[in-house]
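According to the working numbering, the stretch in the sequence shown is residues 1 to 306, in order.
Among these hints, one or two may not hold up.
Claimed, not checked - Taking CB as the label site, the calculated pair distances span:
1) Y285 x K133: 17 to 25 Å
2) Q68 x K16: 16 to 24 Å
3) Y292 x K157: 15 to 23 Å
In short, the hints are calculated from the structure, not lab data. For glycine and all other residues, C-beta sits at the position ideal for the given N, C-alpha and C.
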Amino acid sequence: MFYSTLLYNLRRKILKIYVVVTIFNEENFIEDSLKSLLDQTYQAKKILVVDDNSTDRTHEIVQKIESQSSILKLIKYSSKTGHSPGKKVIEGFKFGLKQLDENYDIICKFDGDVTFPINYFEKIIHHYKRNPKIGMVSGLCFVKENQKWVYENIASKNHIRGPIKSYRKKCFDSIGGLKSSEGWDTVDELIALHRGWEFYTDKMLKVKHLKATGSNYEKSVKFNEGKALYKIRSGIIITLISAFKRAYNKKRISILFYCIIGFLIAMIKNESFIVTKEEGRFIRYHRWKNIYKRLTSFTILYVYNK
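Working from the sequences, and respecting the hints, build out all of it.
Dropping the structure here:
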C-alpha cells in the first residue's frame, strides 16, 4: 500500500531538471547541443554552462544563446589540470553545481558535443516516475560513420555514458556526488547499485555524439582506463578481461596493452583508491556475476546453434 501511494504521488509530481554542461573549445558543436536542450518538449528549469578556459569562439557562441534564453546561464571556470577525462571535467561540474540551489529533482551532467532528441527529457522523466528505485537514466550515444549514425561501441548498452549522465537527487546524494578521478563515470553506477539503486538506459533514445570519445586527449590519457580499474579495486583479472573486451570492440589491440600498463602504473605508484574495501568487494562480485552470466548465455547459444 505504501509503495503504491508513493508511486502514485511521484507520477503526479512535476520533476524539476537542472543541467550542468561542461565545455572546452566546442565551437563546432555547442550551438547545436544547447539548442537541442532548449527545444525539449519537457523543459529543464535551469541550464548552467561551465566554460573551462575555451580559447576558440565557444564563449562568444554561448553568450549569444544566453542572451536569448531565460533558463540558460554561462559562467567561466579555470581548471588546474590538463585536458583529460576525469578530474578536470568533474571539477568543472562541481564548480557549476555550487552555483545552483538544491531545489531540483533531477541533475544532469552533459558534455557540449552531444545533441538530444526533442523528447529526451520527457522520456527520462517517464522512467524516473515509473520506478522510484531508478536513480540514473540515459539514452545511448551514436557517432557518425560513413554518413550513418551508428552506436558508439565502447561500452555496454546498459552503461550510462559520461557525456549524458542524469541522476535522481536522492541517488546523487546517497553516492556522495561524483568522484574527481579517472573512472568516475563507472564507479557512480557501481556505488549506486551498492546503495540499492537501479539505473536504466532507454535503447530508443538516440543521442548524437558529434565528436568521438577521446579524440582530443593526449597520448598519456590512453593509460587512464587501466588506472581507473585499479582505483575502483577491480583486481588484475577483471582488468585483463575488461581490457580485452574494450580492445575487441574497438578492433585495436593497442588498447589492451595501454589498459594493462595503466593499471600497473597506478599499482606501482600506489595511487589512492576511490572506493572503500567493502565497495571494492561489491564491485568485484558484481563484475564476476556479469561475466558468469555472459559466459552462460554464450555457452547456451553455442550449444543451441551447434
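Do the hints match the structure? See the list:
no.	hint	in the structure
1	Y285 x K133: 17 to 25 Å	20 Å, holds
2	Q68 x K16: 16 to 24 Å	22 Å, holds
3	Y292 x K157: 15 to 23 Å	19 Å, holds
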